[in-house]
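Got chain Z; can you put chain X on it based on the hints?
Chains Z and X supply the protein sequences, listed in that same order.
If you read the first sequence in my numbering, its first letter stands for residue 191, the second for the next number, and so on.
If you read the second sequence in my numbering, its first letter stands for residue 191, the second for the next number, and so on.
If you are wondering where the hints come from, they were derived from the structure by calculation, not from laboratory data.
Please read these numbers as outputs of a predicted model, since none were measured by experiment.
Honestly, I wouldn't trust all of these hints.
Same chains, same names: a pair is fine if it fits in one copy or spans any two.
Claimed, not checked - Derived DSS-like pairs (lysine-lysine); straight-line CA-CA distance at most 30 Å:
(1) K811 x K376
(2) K723 x K711
(3) K811 x K711
(4) K376 x K529
(5) K724 x K711
(6) K711 x K376
(7) K711 x K529
(8) K803 x K711
(9) K376 x K732
2 protein chains.
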Amino acid sequence: MLLELFPIGASAVALVTALSFGIWLRRQPSGGEDVRRISEAVREGAVAFIRKEVGIIIPLAAIIIALIAFFIHPYSALAFALGAGLSILAGIISMLTCVSAAPKAAIATSKGIGATLLTAFRAGATAGMVITSMALLAISTLYLLFPNPVLMAGAGFGASLVALFIRAGGGIYTKAADLGADLVGKLEAGIPEDDPRNPATIADNVGDNVGDAAGMGADIYESYVVTLLASMLLGGIVGRADLTILPLLVGAAGLLATVVGVVVVTGRSPENPMTPLNISFIVSAILGVILGSLVAWLTVGIGGLGIAIIISIILGVVLVPLIQRITDYYTSYSYPPVKRITASTSVGHSANILEGIGQGLKSTLPLALSIVAAIIASYYVGFNLTNNPILGIYCTALTTMAMLSLSGVVLSIDSFGPVSDNAGGIVEMTGMGDENRKLTDRLDAVGNTAKATTKGFAIASAALAAIAMIQAFQKEAEAIYGALDYTLSNPVVVVGLLVGALLPFYISSRLIAAVSSTATKIVDEVRRQFREKKGILEGVEKPDYGRCVGIATSGAIRELLTPAAIVALTPIIVGVILGPAAVTGVLTGGVLSGLYLAYHMANSGAAWDNAKKYLEVLGRKKTPEHAIAVVGDLVGDPYKDTAGPSLNTVIKVLNTVSIVAVSAFIGLL
Amino acid sequence: MLLELFPIGASAVALVTALSFGIWLRRQPSGGEDVRRISEAVREGAVAFIRKEVGIIIPLAAIIIALIAFFIHPYSALAFALGAGLSILAGIISMLTCVSAAPKAAIATSKGIGATLLTAFRAGATAGMVITSMALLAISTLYLLFPNPVLMAGAGFGASLVALFIRAGGGIYTKAADLGADLVGKLEAGIPEDDPRNPATIADNVGDNVGDAAGMGADIYESYVVTLLASMLLGGIVGRADLTILPLLVGAAGLLATVVGVVVVTGRSPENPMTPLNISFIVSAILGVILGSLVAWLTVGIGGLGIAIIISIILGVVLVPLIQRITDYYTSYSYPPVKRITASTSVGHSANILEGIGQGLKSTLPLALSIVAAIIASYYVGFNLTNNPILGIYCTALTTMAMLSLSGVVLSIDSFGPVSDNAGGIVEMTGMGDENRKLTDRLDAVGNTAKATTKGFAIASAALAAIAMIQAFQKEAEAIYGALDYTLSNPVVVVGLLVGALLPFYISSRLIAAVSSTATKIVDEVRRQFREKKGILEGVEKPDYGRCVGIATSGAIRELLTPAAIVALTPIIVGVILGPAAVTGVLTGGVLSGLYLAYHMANSGAAWDNAKKYLEVLGRKKTPEHAIAVVGDLVGDPYKDTAGPSLNTVIKVLNTVSIVAVSAFIGLL
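The following block holds chain Z by itself, in its conformation from the complex (with noise of 0.2 Å):
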């Protein structure tokens, strides 16, 4: 009983110290009348799309846990309420200190950089701290009610459901913002990013902070329920009660690993701004290999599993940084593969435009032998010490948990972007000066390191959390179908593969479109607000930025629906016709094709991104080249920030969809 409440303390000590963050952000000075003002905007702006997708989530929510209470179990049911509910409210606690927090960050830049980055740190610490306690409540919460993993599942396809409508739709909005507001704002009228006549630029700040942040928190949220649940159910087929628990306890070392890492930032202000937040992710990796493997200790002994999991745990951990360095090096100017692409701005567009698809495409390669082999060392370990294939697998899973117990620290690091950018955007539309603007430049050159190296994160444990549940799910079926056909020369299996491959490809190109087309109508009404009132130009008339938000937020929506629904109902269709093999081959080639379309396309978006930058550190902004290279951060753009991380839910949608429904799967034909 002790272990079972380990969570739920572990949990509310972040809580608290989440609590202690949001107060002492509270307590900063949030500045005059101008800053206030556009703060305020930004927050109603995020707020409206939040309320317009909540406004369409909970009626279908409903319908959902009516469906699943009377289809399959009302504890189901439960849990589906559970997950979405917790990962909602993360999302908006989240948000909302991240917003409130960018004014604050753009006071401190009077301060120095130490106290600018410490507020945007701990704001970013708040988001981490907030998504991944809620996580961890959640489940731990539904262990307590009930202690049966297969009727728990309910809270993955519930926190999927969210991540689906916060990463998609985020994802969308924000980058149809942002181009909107460059399309007309920069090239045509010549204005500067963030001018505060551009009647877009409110729009492009609130996507910020609900597709990077919002965003992000719900895609991690949802891959660590989805790694719990996959782990647990693992566990319960073993028939261990301890290992049952297990993943919740590694997740529980993990969040108190991250407390300590995130508290010991302070505001003294660092040579290098990426110092203090490698400090705090090293203290946070070593004290969760320590935590976690006392809590194995505890749990299972120290016997052949024992050892197993300690070794599994600590290859979770180790996964992270690797990743963060791999990701780092294919979209960081410091290394030759952005450097490339730089280099290939003198001669052309096509040039330019191969490059950055190339280095991404390239990029897949380290990530997946990372991938695999942490994969088969965790499997080899937990099958070679105890002689049981399945405890192979289930340190497979545990592998993924411990990689996803530092999601905290990870987040905290991530967020922080947002609120930089924001309060740059902040810096520049009130005209605080150029020496703080240079100074949220530097902290968002940062951020975006961290969000591009995040994002490969987001999409490692996403592929991971996927194969976990992949595993857990065939178990399930055999469960209520007995024994199946799985292999590979299994036609129904191929087929299922065939169409899951498919969904990322497909998925991508609506997500694409769904930019294109919501940019296209924002870039009509800023030229409508600027043909109209001539005073906004001149600066002595206000655009009306209601208006873009809300056009962002409708088109974002809308152009969500048709591609959510073909990815939910998928598996269902093919359960029902095919059965859970074939339905077992459409989540492994979601993954499979998924995973590296992703990852190619977060790098390469990331790569144009900062080719750009480089070409601006190195002084050549008005050339001939960086207007090449503008181009390519334009192509990189929904690649990066829609299309690419959208994969991710997708990825895990699928399979959340199918262990819910998979007393559906019958099998028609």
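Here is chain X on its own, set in the frame of chain Z:
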């Protein structure tokens, strides 16, 4: 015995028809000194490329033959030699036919479109019939020598090795030469395409032959051989000699149907140049079904199995125009996708790139649905009418075989394209006049459509051939190692899938980079010639064509070696370390991501190309929109002509290597 001789007889009929076409072509007038000089230069360049390729392939093949003879079986080594040898022979014959037909088609422009079309088509038909009959001949001869499909599998590996070199090497060559010629010629020097002052123009024309014609031929030859082998292996597993020989008979039926189909094309000038090509295909398809059903009836009689086989043949034949229509829809400017890409050029570069990528990604959906429907339908008729699941799988393979049995006519229509393209080049270079050029442009446009749709056919058939071979591989591995765990719950299978799905992404990045680096070298050379010999651009001095041909040849081959080694060695390494189940994962993973990535790249590339052409048709050649469309086309070039089509051979090489090396897959871990 009569049955066994039928494929050899059909091959002989096709070869005699090809020979008579060749003699007819020889008799056509080949023009004056200027025409001959150019066509001689193209011929020399093409021969230089093939000679260099063969110079690498022969020693490599000798080593492989020795290894196979020593470690596996002398018969397998013989099969390898025959499969590779006839592939090279078919490639050389068909390439030389196309090269020598181009000047004759150029001369025929003076006689009108009917005569030009007939010349180009008969050259294409010669290539198409030589390639398919050689493939059929290779396997039917081996079957007469030793009727054991397992020993014959080496032929597939031989075909794969040649295809990898010709397809990927030719793909790098053609686009590097094209890009190099365009970047300096069109953009810097401002001279038109195919201008004789451009030192890279001969290399560009050689590229059309080695990339488009020889590459496609080797690719289809490989798919044909692989599918024959896979279906014969499956027939062998059922243990019935009639089912082992039936795939050969279906191939022979299709080949005879093709002979009739190509003979009906006359020199009458058609309203629409597409009409005679369509008639040729329809005649072949209808006759193919009739003859195919006849051989099925003669071989297995009319029972459940006979009906299942006839339905499978019809499915395969229907798949050909279906996939061609889908590809045409996404790549021809008569339909919305390319119109939308064309419209996006008025927004800007990024919109054009994103729209092209989006449409290519989208096109994977109908392709996937067609393939999935064909697999499900053929499997279910085969299974339900015989109550034997292996016969279901066998019928799936037969559907692929029926599809490929029409390769001859598909290749005839495809090879027609490069001949027209080259004829246009000769018309331009010898200054024959605008009317003649317009005529070849019209045929070239038809050829472009055919090229794009044939790519769709080649991609789908590569994937289906691989799927059939994967099934055969699994059975073979089990014959050696006993029961194996091919399930998706085996982590080793999952790891194999992850590795296999990675390969197309990674190899694409290598091939795209290869085009860029080789093109850069050609650009440097062209610039050097323009700089050092001022008379070239004035038209008073001759450029050195040979140097550009040499750079393209050696660049293509050098850049190809590493990716080729990675593809060939990956299944062997995985097999030796992790065993045959993991290899099955690699093979399946390769098909899953390779199929969609290849189709996306081929279609995005062709769509950009045609968006540019559409603007030209609309008379908007010197507009800013056209300049944007040109960039799209340049991005699309390595997509559609290098990376995309090379993935076809990647998918199949994995399979043929694995089936030959299966006895080495001991699984050390």
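Hint check results:
1. With identical chains, the CA atoms of K811 and K376 are at most 30 Å apart both within one copy (13 Å) and between copies (28 Å).
2. Taking the closest pair of Cα atoms, K723 and K711 come within 30 Å of each other only inside a single copy of the chain (18 Å); across copies the shortest separation is 54 Å, beyond that limit.
3. When the C-alpha separation of K811 and K711 is checked against a cutoff of 30 Å, the pair qualifies both within a copy, at 29 Å, and between copies, at 29 Å.
4. In the homo-oligomer, the alpha carbons of K376 and K529 lie at most 30 Å apart both inside one protomer (25 Å) and across protomers (28 Å), since each shortest distance falls under that limit.
5. In the homo-oligomer, the alpha carbons of K724 and K711 lie at most 30 Å apart inside one protomer (20 Å), although the nearest pairing across protomers, at 52 Å, exceeds that limit.
6. With identical chains, the CA atoms of K711 and K376 are at most 30 Å apart within one copy only, with a shortest distance of 17 Å there and 37 Å across copies.
7. Taking the shortest Cα distances, K711 and K529 sit within 30 Å of each other only across copies (20 Å), while inside one copy they are farther apart (35 Å).
8. In this assembly of identical chains, K803 and K711 lie within 30 Å of each other by CA distance both inside one copy and across copies; the values are 28 Å within and 28 Å between.
9. Taking the closest pair of Cα atoms, K376 and K732 come within 30 Å of each other only inside a single copy of the chain (18 Å); across copies the shortest separation is 48 Å, beyond that limit.
Taken one by one, the earlier hints all hold for this structure without exception.
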